[in-house]
Amino acid sequence: MTAAVQTRAATDRVRRRRTRRRNLRRHWQLYVLLILPVAYFVTFQYVPMANNVIAFKDYNVVQGIWGSPWTGFDHFERFFANPVAWDLIRNTLVLSLYGFLAGFPIPIILALALNEVRLKFFKRTVQMVTYAPHFISTVIVVSMLILIFSPRIGFMADVLGFFGMNANLLADPDSFRHVYVWSDVWQTAGYSAIIFMAALAGIDPSLYEAARLDGASRLRKIWHVDLPGIAPTVVVVMILSVGSVMAIGFEKAFLLQNPLNLSTSEIIATYTYKIGLLNADFSLATAVGLFNSVINLILLLAVNTVSKRVTGNGLW
Amino acid sequence: MTLTTATRTESRPEPEPKARKPKRRRSAQVQDTPVDRVFMVGVYVLLSTFLLVVLVPLLNIVASSLSSPAAVSGGRVFLWPVDFTLIGYEAVLGNEAILTGFGNSVFYAVVGTVVSVTMTVMIAYPLSRSELVGRRIFIGGVLFTMLFSGGLIPTYMVVRALGLLDTRWALILPAAIGAWQVLIAMTFFRSSIPGELYEAAQLDGASDLRFLWSVVLPLSKPLLAVIALMYGIGQWNSYFSALIYLRSEELYPLQLVLRDILVVNNSGGSNLADQLAAKQMADLMKFSLIVVSTVPVLLVYPFVARHFTKGVMLGSVKG
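As they're listed, the protein sequences go chains A and B.
Mapping of the first sequence onto numbering that gives the first Met the number 0: position 69 corresponds to residue 68, and the numbering continues sequentially without gaps.
Mapping of the second sequence onto numbering that gives the first Met the number 0: position 194 corresponds to residue 193, and the numbering continues sequentially without gaps.
No wet-lab data here; the hints were simulated from the structure.
Ideal placement from N, C-alpha and C gives every residue a C-beta, glycine not left out.
Treat the hints with caution; some may be incorrect.
What the hints assert, rightly or not - According to the in silico footprint, chain A covers these stretches of chain B (three or more CB under 8 Å from chain A): (1) 90-98; (2) 104-114; (3) 171-184; (4) 190-202; (5) 215-227; (6) 245-251.
To be verified - Only part of the chain A face toward chain B is listed, based on derived beta-carbon distances under 7 Å: (7) R14; (8) N51; (9) V128; (10) F154; (11) E250; (12) G311; (13) G313.
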């Protein structure tokens, strides 16, 4: 697509320059529409990006962002010199990789299974019910976890007790990750399957016809028609999820935290909040946040490049 | 490609699937070997298990919310209410903080959605027009915010500098436009508004705004529904911006009130804690509270499920 645009741009360049002024006059209303949204993006997206300079400064309110003295990489060094830093990075990485490994294949399996079902009523029921948790807020999901796993009133505590497991999961640092990841799967798996269902619906029906004539079993049909058919979608979703590996959400980890499970539940995002807003150390918090965003961006670009080379599919 | 198939399945008239059914069944009969039948049993077992795993916690919450305080505190409720009563709901609806939070959340959801949808159309429509000079730069600028964000503290500093801290606008303005929604809207405008319509409108001397208002928007009702629901539910469910930007309790959205009651729970001597003093009643109230705060989302859920599916598919078309 880029190539086509470029050649067209080349041939039309001269004419374009002449028509550009006319275009501005004729379509001025389009530009007027853009004013407010552009102001939004500048104010709430790009100015914050620029504010990241305070990661390299000793920010104080009196001198402001640009007046505060430069410190170079002091804040980053201060962060990495703190033994907590490596715990935070490990917690963040383990939590998100575990979440990816558990959360990525399940929606695909669900979509493939749902695609086989011919009983319309059953299919619809499964879809309606499993989409629902996606729309429940994080606060509510965490409250449900707290109540359901409560040793005193929750039914899951009885279930766990039956299997001889420690019933008080939320107070146990070893269980924090399992609770976090599997409740995420509970909440998002059904909804995440939609995109694969859509991809399955887009597969050319003649391929199924051919598979049927060849006497392919259902499993072979899934392997040779369904999976190749949804492969591009799978790759795009995979890149997006790997790219957000470090961007693991603040909201849920923060809500699930308690003094007992802090050794595994403290992640970079929650730490940034605490040192930034509770301890008011703006520069250090910004440095930690910036480190996180940059790693994230690098991961995304790397996965996209590798995927483009290996599978020919990428985000752009 | 996904889009065209999606719209085709959506707009397919009812009689057609019925007409196709017998054919499908016959082909299934020809196809299914014993191995296939075992496989299908596996598929149904898998999906039923998943259905139950999702459903049981939800039913447990609803059943508990309708039970007596003693039964809830004793952990005696599973999937059916024990000693059916509505006092949990009465207590929740009689709590002032919860009602204030509920009202605030309605305000944030309604105003936030109106602002967000308007702003999203204002940027997505010009970006969908090839005539726009610098279109690629603008789109790049939007997409980049999906890859890299300013971060918590730098954004907080902007909100503080604008004097928005502890005002209602702090929950609405910083979240006004989502890059994802812009992408969905842009893709929709480009793929679903036929170019002929624009040419015709131009011949009639309609301006760009006129065309947007009288032709594009009426044709984009499904899109508007999708993004409005996305923004609305996003606002209703969010607590984080309220946590960092708000200090006054009378501005708190419901989710933050819920967090104080349900998660933090040890909010000292505030009047909330007083009201939840009776322990058994407090346990019951938590369940009722979960149901009450999820009801508005569940009310729109039938629309949501249908339109969100469409929205996901719109988004899956690369822009």
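Consistency of the hints with the structure:
1. 90-98: Result for this restraint: violated, n = 0.
2. 104-114: violated (count 0)
3. 171-184: holds (count 4)
4. 190-202: Since three or more residues must qualify, the claim that chain A covers the region 190-202 of chain B is violated, with 0 doing so at under 8 Å.
5. 215-227: violated (count 0)
6. 245-251: violated (count 0)
7. R14: With a minimum Cβ separation of about 14 Å from chain B (threshold 7 Å), the hint on R14 (chain A) is violated.
8. N51: At 5 Å from the nearest chain B Cβ, N51 (chain A) passes the 7 Å test, so the hint holds.
9. V128: Cβ of V128 (chain A) sits 6 Å from chain B, so the hint holds.
10. F154: F154 (chain A) check passes; min Cβ-Cβ to chain B is 6 Å, inside 7 Å.
11. E250: This hint holds: E250 (chain A) lies near chain B, its Cβ roughly 5 Å from the closest one there, short of 7 Å.
12. G311: violated (14 Å)
13. G313: Since chain B brings no Cβ nearer than about 10 Å to G313 (chain A), farther than 7 Å, the hint is violated.
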